[in-house]
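Can you make the complete structure from the sequences, with help from the hints?
Protein chains: 2
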Amino acid sequence: MKVSRDHPRYRSLVMREAMSEMVKNGIVAPTGLIAHGRGEAFDYLLGEETSDNARRAERAAVALLLEARNPVISVNGNTAALAGKEIIALSKLIKAKVEVNLFHRSPERIEKVVAFMESLGAKGVLGRHADTTIPGIASDRALCSKEGIYSADVVLIPLEDGDRAEALAKFGKKVIAIDLNPLSRTTRAAQISIVDELTRAISNMIAMWPELSREEAIRRKVLSDFDNQRNLKSSLELICDRLTELAEEGKP
Amino acid sequence: MKVSRDHPRYRSLVMREAMSEMVKNGIVAPTGLIAHGRGEAFDYLLGEETSDNARRAERAAVALLLEARNPVISVNGNTAALAGKEIIALSKLIKAKVEVNLFHRSPERIEKVVAFMESLGAKGVLGRHADTTIPGIASDRALCSKEGIYSADVVLIPLEDGDRAEALAKFGKKVIAIDLNPLSRTTRAAQISIVDELTRAISNMIAMWPELSREEAIRRKVLSDFDNQRNLKSSLELICDRLTELAEEGKP
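Top to bottom, those sequences are chains D and Z.
Position 72 of the first sequence, counting from 1, maps to 71 under numbering that gives the first Met the number 0, and the rest follow consecutively.
Position 175 of the second sequence, counting from 1, maps to 174 under numbering that gives the first Met the number 0, and the rest follow consecutively.
Chain Z side only, calculated, beta carbon under 8 Å to chain D, not exhaustive:
1) His35
2) Phe41
3) Lys232
No farther apart than 25 Å at their CA atoms in a straight line, the calculated lysine to any residue pairs in the SDA-like style are these:
4) D/Lys84 / D/Glu16
5) Z/Lys232 / D/Leu242
6) Z/Lys111 / D/Gly25
7) D/Lys23 / Z/Glu16
8) D/Lys23 / Z/Val13
Everything labelled a hint here was simulated from the structure, so no lab data went into it.
Don't be surprised by glycine CBs; every beta carbon is placed ideally from N, CA and C.
Here's what the structure looks like:
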């Protein structure tokens, strides 16, 4: 379907079409489209822009990733489809490993998503050989790589499911989530919860890298100033304000 | 995927899997899954139950449909997949025609969705032969049947897109929408806006039929008491209350 550039929500509609296409080549699972739709609804409520709260969380995330000993970015089908290139660029800057982990896991899909990331220029992508498990998860979603997520100190999980986010936090990982639902279990389980649309979040984090990579003192200050709970509460208030505002606009 | 019955959001997860299956047989379009996800997010914010506001709108909708001269229910892929049986049952009670109308229209998909409704027991489903158009829509989404939507006085549109909802209202139809987004253009274009999950809404409407079909005086009173704007505003307040409540629960 052709989307007019004049449409007020052009970008959202283009991404919607692109995600549907990604189901055909097996990168995105059909239920991944439903998850994308949930995200869309929350992004709509957030005004489809990065809030000050999100920006604070993104700064803290970059600082924490730069302080990490072994940072890993976990990539699933939706993440690869939406922001594969941006993820690769960020991983290079912060020297993080990239590991493919899927909610709907099969050897074929793992191979497809790893190969897709490689086709975008990623090197050394982990995930093909999951040789251990995250404790506390019963299903095959526990599978991960010893070299990657298992031994990581900081894990960035964009668009992750609640079970795994909670298990990673319990396992002692410092978890950074990117999730548009400010109330999801993933958001709640994380130490740093970025409530922002994925491509905006990663692009912002790349832009924040030059300043934060320069000085450890700045990173320490960003981290000590950051209060995840206060920040999340503020995101919720933003949604309520936006609802009220939209309700006023919508009056006949 | 097997979903545990103990899961707090069991029903939502089962529907999610069922909708994904429906993409394989062509009833649901891939972007229909994204739309379903958007609905899921709003339903989650509404507590996944029928609010008093929704119940009021449902009562008014049944009253209006029973007063109609030529009521038509417009059915798309998501509607057929989620609530095909319930739609058929309601259409029989209120003596409404059923017309298949698709956002992603092709002769093949029209045939599939009509045949699917027939397989569920529907008779005389319109949509195979769209012989006219709704004024004010440029694309082939304007197509409809003279005998159905074109000549209807009241049209029930579950899960409809904003363009068509607005065009139908401008064309002079009394529009009843079922849409979980209390701010969508569809919701705003409708005379009666039901902000509720589709299967709950239709099941409630069926349950309301005995009382409302009995007496015209009750129908008239229900309709004159109903204020769609006030009702919608109240739905928005409900979402804000729920966000605040969930935020409190989520505190560590």
